[in-house]
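With the numbering used here, you'll find the sequence shown wraps up at 140, consecutive numbering, no jumps.
By construction, these hints were calculated from the structure, which means they are not laboratory data. Yeah, the Cβ is synthetic: ideal placement off N, Cα and C, and Gly gets one too. Be careful, since some hints might not be right.
Stated by the list, open to error - Now the in silico label distances, taken between C-beta atoms and shown as ranges:
no. : residue 1 : residue 2 : range
1   : L133      : T83       : 18 to 24 Å
2   : A116      : V52       : 19 to 25 Å
3   : D122      : M32       : 18 to 24 Å
4   : V36       : K140      : 32 to 38 Å
5   : S96       : Q45       : 17 to 23 Å
6   : A39       : L133      : 18 to 24 Å
7   : D122      : P90       : 33 to 39 Å
8   : C58       : K140      : 29 to 35 Å
9   : Q27       : P138      : 40 to 46 Å
10  : A66       : A116      : 19 to 25 Å
As the list claims (entries may be wrong) - Quick list of in silico lysine to aspartate or glutamate cross-link-like pairs, DMTMM-like style, CA-CA up to 25 Å:
no. : residue 1 : residue 2
11  : K121      : D59
12  : K67       : D57
13  : K140      : E79
14  : K121      : D30
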Amino acid sequence: NTVNTVNTVQLDLFKTTTTLSNAINQFLDSMVGVVSPATINWYQRRLPFLVAYFNDCDIRLITHAKLCSWRASLVTRENRYTDHPNKPPVPGRLSPYTVHSYVRAARRLFRWVQAAGLIKDNPAAGLQPPRLPTRTPRK
2 NTVNTVNTVQ
12 LDLFKTTTTL
22 SNAINQFLDS
32 MVGVVSPATI
42 NWYQRRLPFL
52 VAYFNDCDIR
62 LITHAKLCSW
72 RASLVTRENR
82 YTDHPNKPPV
92 PGRLSPYTVH
102 SYVRAARRLF
112 RWVQAAGLIK
122 DNPAAGLQPP
132 RLPTRTPRK
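Using the sequences and the hints given, assemble the complete structure.
Structure (structure tokens):
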């Protein structure tokens, strides 16, 4: 039966280990030809912060609580540009816009990982980005 075969294949996927960096590479590869290169680049600049925080663990070990801790670590960071290839670290916190973009990227990644069948439940579901300051309109 085709349905049983598909279910067996999906169950086998859940048993295999997929590292976070491997999942990110698959995610980025899945976007080639579908979205603009600038969009892929946007994700490439934000998702490595997940790998750095989680030490490239098996994606099944990442929980909602751990993602909340990751978000908190971004909000409370004391230095900017710590992992930047060209800029030296500078004292100061990350802007709410920066943290918001990292959370958006993580949520999108885990939605894709779940849809691809690499995990059963999406740990980023319900992960809220920080509130952005209200901007005053230009005159």
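Taking the hints in turn, this is what the structure says about them:
no., hint, verdict
1, L133 - T83: 18 to 24 Å, "holds (23 Å)"
2, A116 - V52: 19 to 25 Å, "holds (20 Å)"
3, D122 - M32: 18 to 24 Å, "holds (23 Å)"
4, V36 - K140: 32 to 38 Å, "holds (35 Å)"
5, S96 - Q45: 17 to 23 Å, "holds (20 Å)"
6, A39 - L133: 18 to 24 Å, "holds (21 Å)"
7, D122 - P90: 33 to 39 Å, "holds (36 Å)"
8, C58 - K140: 29 to 35 Å, "violated (50 Å)"
9, Q27 - P138: 40 to 46 Å, "holds (41 Å)"
10, A66 - A116: 19 to 25 Å, "holds (22 Å)"
11, K121 - D59, "holds (13 Å)"
12, K67 - D57, "holds (13 Å)"
13, K140 - E79, "violated (35 Å)"
14, K121 - D30, "holds (21 Å)"
Comparing the model with each numbered hint stated earlier shows that hints 8 and 13 do not hold.
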